[in-house]
Amino acid sequence: MKQAEQSTFEQLLESWRGQKGNVIPLLQKTQELHGFLSREDMEAIARATGRSPAEIYGVATFYAQFRFQPPGKHTLKICHGTACHVNGADSLDTTLQMELGIGAGQTTADGEFSLEKVACLGCCSLAPVVMLDAEVHGRLTGDKLKKVVRKVQE
Amino acid sequence: MSAVTELVVGLGSCGIAAGARQVHDSLVQELAAQGLALPVTSTGCIGACHREPLVEVRTAEGKHFLYGDLDPAKVKQVVSEHLVGGRPVAELLIPEDYPYLARQRKIVLANCGVIDPESIDDYLAVAGYQALRKVLSGLSPEQVIAEVQASGLRGRGGAGFPTGTKWSLARASRPGKRYLVCNADEGDPGAFMDRSLLESDPHAVLEGMAIGAYAIGADEGYMYVRAEYPLAIKRLEIAMRQAVERNLLGKNILGSSFSFEIHLKEGAGAFVCGEETALMGSIEGKRGMPTLRPPFPAERGLWGAPTNINNVETYGNVPYIIRQGGAEYAQIGTARSKGTKVFALAGKIKHGGMIEVPMGITLRDVIFGVGGGIRDDRKFKAVQLGGPSGGCIPESLLDVQVDYDSLTATGAIMGSGGMVVMDESTCMVDVARYFLSFTQAESCGKCTFCRMGTKRMLETLERICGGRGEPTDIPRLEELAVKVRLASLCGLGQTAPNPVLTTLKYFRDEYEEHILHKRCRARQCRALIRYRVLADACTGCLACAKACPTQAAVGERKKAHTILQEKCIQCGLCHQACRFDAIEITTGTEAAALPAAVAAPGGAA
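Line by line, the protein sequences give chains Z and S. Number 856 in our numbering belongs to position 18 of the first sequence; there are no gaps in the numbering. Number 357 in our numbering belongs to position 355 of the second sequence; there are no gaps in the numbering.
If we strip away everything but chain S, and leave its shape as in the complex, we get:
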């Protein structure tokens, strides 16, 4: 047992939300109480979000002990048994061969959860800014672009445009002022890759941006971050200040003739600003509405100057590519999709969090290998990729490879990396309705079909979920979907029908059940379900009556309760509160047999 040298607490947003600050504080207190003078440092996202709060114990020999699911009591145990007693607490340790961690391949996330994101020295110690140094001490912009082209890197924002080609277009554009922009307006619900990367390793993204700026000939850049990510913004500000102090950003970087200044812009909450032309409009201080392309940003971008825009993760790959060479990077992945992809794995999954896997891995391997399968061992139903622009992939296609082209062939898309797993308790019609309500609300209103078409599609879906669907609704949805796709200017409208089209393609029977049999097999659509007490199982504990917001669940102590259908709003709080599985959810003919309830709005409970 070698000497412990350092204790590292994961302080990303997820960790903090799970109570990592309390764990950090109790660790400091406990060490003081035991008279141990050990440094307690912090790091960003360790990635195993489902085991937060996490603390890593590091030793002089370079051994790492990762503890998960901590709270102040467990911290006390770790301090007294491991740090004082010298015996690691086996039952709290996350083993090194934990499949969640062992099956990943980390390039972009290599430093996440390892270094202190607020320390530039930590980043420098892991080969930080060496790629920029290499570029400035002898590579021409053309050589940099050639290296990125050789790597096969494609845009990680979702569309998959080859990054090297994008850079060469911007480089070849007319001479004069150019801009480089980093798109960190991560708006897809269910996606948090960019946030985690910026919170955990901001310098890697800044270094990638500086290399890109050198390649295209820009001296000014913008980092456009969602205002909803305060911690990422704070850490970026710190990182930018540190980089300027060390002459790694700013005027005449590292004594060269290359200068590059970055401005931080906070988004103001508009999903459409993830689209590049809308994003530039927003930076210029206008309403973020997309414009017609061409001209592409490489020709006419910010304030009319040639501009290059890439996503956070794309820039995050660049330092590795320059350090190791494009050819080395291209060894990972498939013929047309190189490298790795970061995913935010969430939903009904056992082990969720931020993961990085090599391109070419199957979805099954990601969900059941890395993610450990479905929570509570329920049955897998679908995985949603690409958020509101993407689609739902059914079990029969789980052996599809993770690469741009294979995923597009399913009707979904690679997307920016949101991967939400759904089980049998998720209603696919409701999922389609959910995504459409999102895009409909976020449509900027410029194109008629996006503005009105999504509205009509949403109304149709609400009707189906609300038990008022008609057989003609399905062909009507399909017809409108095509029109919205064709008649919209930007990606938001063009892809908005995808969630509807993929669920119609793979889960059409659920739509038909909703329409023809007023049945929601997932028991989620409020208008199609009724709650009922199973008298045999009910102990008369009154928990449901206390939870019920409308006094529909009633009864006397120790006697079987009942649910008054005329008062029930199907919110499901009684079902959540019952500890004896005594509340049953019925749908279809069974529900119809119960007395009529108050009119419920469409959508899930």
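The shape of chain Z in the complex, shown without the other chains:
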């Protein structure tokens, strides 16, 4: 870990010390900072909050948001909400599998893309949708999705 990042992390732990309900915000901010939660991160959070490492790990693994491996440079979230499901989200899975060679929960070998399956992005009127980093792409077909991915690859 770089020195500057380490001191930001320590400041983060300090700023939440003693506050009630601080575990999940600390996990979230740590993931924001490091991209994922390492064993060392969780042990540090355990020390700062006076809980056991097992308890922190138990909380972190309960929630879908937390990752324990570094993510790819770009994250693709395929929406599998009801509206997207009935409008063909599964065929978008096939398209991405074909285009990137990975399935949900995996990262490409070059570290460029991570693929996640999410329950609902709440843009149901534009179904099916995929979120690339912070941007939602709607009314997709296999072809349109390929274009979205290839644009990033260029």
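Every clue listed holds true.
Some chain Z residues judged to face chain S by a derived CB distance under 10 Å, without partners named:
#, residue
1, Val-861
2, Thr-887
3, Ala-902
4, Gln-903
5, Cys-922
6, Gly-926
7, Ala-957
8, Thr-979
9, Asp-981
Chain S regions said to be covered by chain Z (calculated; three or more residues, Cβ under 8 Å):
#, stretch
10, 17–23
11, 185–197
12, 271–277
13, 344–352
14, 423–437
15, 575–582
If you're looking for bench data, these hints aren't it; they were derived computationally from the structure. For glycine and all other residues, C-beta sits at the position ideal for the given N, C-alpha and C.
Chain S: place on chain Z using the hints.
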């Protein structure tokens, strides 16, 4: 033609996804190019999501021109013809009597798509915080509760518990520290009401929370929002800061002795946290697992203190009720369900989006009146209400009224407001499988029947969709459904069987076809369908061959193609790519007549 004073771009999540930012930018550029100095402002969800991106042109006389389906080229046309030339572009305008908008009744969404959600002055200009002012300048907490009770407001999260009663229970609880929580952990797939409301009118929800806190005697509150809603979180943060600056939240609000501080908590992605006891566990920093009730939160909630939890939309109704009076509110709706309900209308519908309708309207009126009917004029099959906790309602029950009790009688529920319309191309067995795969994955694992029972039910449904169903599967599903319902602690498990039970009740013949005839009439279940090229219609364009991920679609240019069944995985990409309707999907005996294919997993293409 009066002078144009303002241009408003709808910048909710849906608008942005449809390209509203590009429209906004090209509008600014185009105005500059034409030398027009008109303000371009933004608003939240205008509601007509199917016509996004949307821009409203406002004039000094208070006239509104709403343009839909915009892109940069059309923006150019609007600027040159309407703003420079003074002639509204009729073909791009959404008419004022557009049934989608005209048939709605807006109370909660009244400001959505009208005000700038990032401006507290906009909210104040539409009677914002007047209800809170009224409360603090002379109503006792008991009077506030009485007003809410008189309104007949029931919980909009789906369960429909009377809000006034909930508040009076929390008020009557033991003295000392209390909390008030807003549940914005909108997890139902197919629902986006809370997101849109928070993105479009965050102050209304904050005002409702402050009034609730005053009524129950809380000085601290939590807003629990899904992390998947970054724009809603950003706008809430802005709104909370503005409200504190104006002394509408914080210490001694408006000079009174009432103080109320709100913390924003981001959920971390667990559907079960929509359940109130799990949600409180999550705020406390634990695994979000439900606990036994009683004690109810009004008795022992957050950190053991009496706590009141309501849904976003419930709080959103409160300012109107206090301003206009409970009796006025109670005029809308039916005998036991008052007011309006917001729905996220989606699926195979012509006009989808966020809508608000009076209680008592029929489902038919919502789907065919407001929503304009089924997309591509196909045949309606079912409407799914209440997400994974709800059920599918068939055509024969479309004249049922939208109210808590009538909907519950069908086997579905009002739910939080997800309304997904399905047509003949939707397989009802697959829909049941889809919802169960969701609840099964989201079960926290605490109760055995929820953890294991849903798993066994899912396996059975996967078998049926996968062409390996047996006649005994149907009674087995029904037996397990009852057990899961009875032996689960919280709403997630208790309602998880609903999608299966309602589809079995209304679409049993589809289950039987899957099991007995290996036929999926919607042609969705991969294991039960085969793709075939219609040689007469095929032009030999190679589009299917290019789209096919497994090289199953093959052929030479300008000659009829074929699909090699042994390579086909039934993904449907060739069917999507074909522009000549030359690829047919067969099922049942027809499919069985084709050569065997590779084993396909259960579920839809």
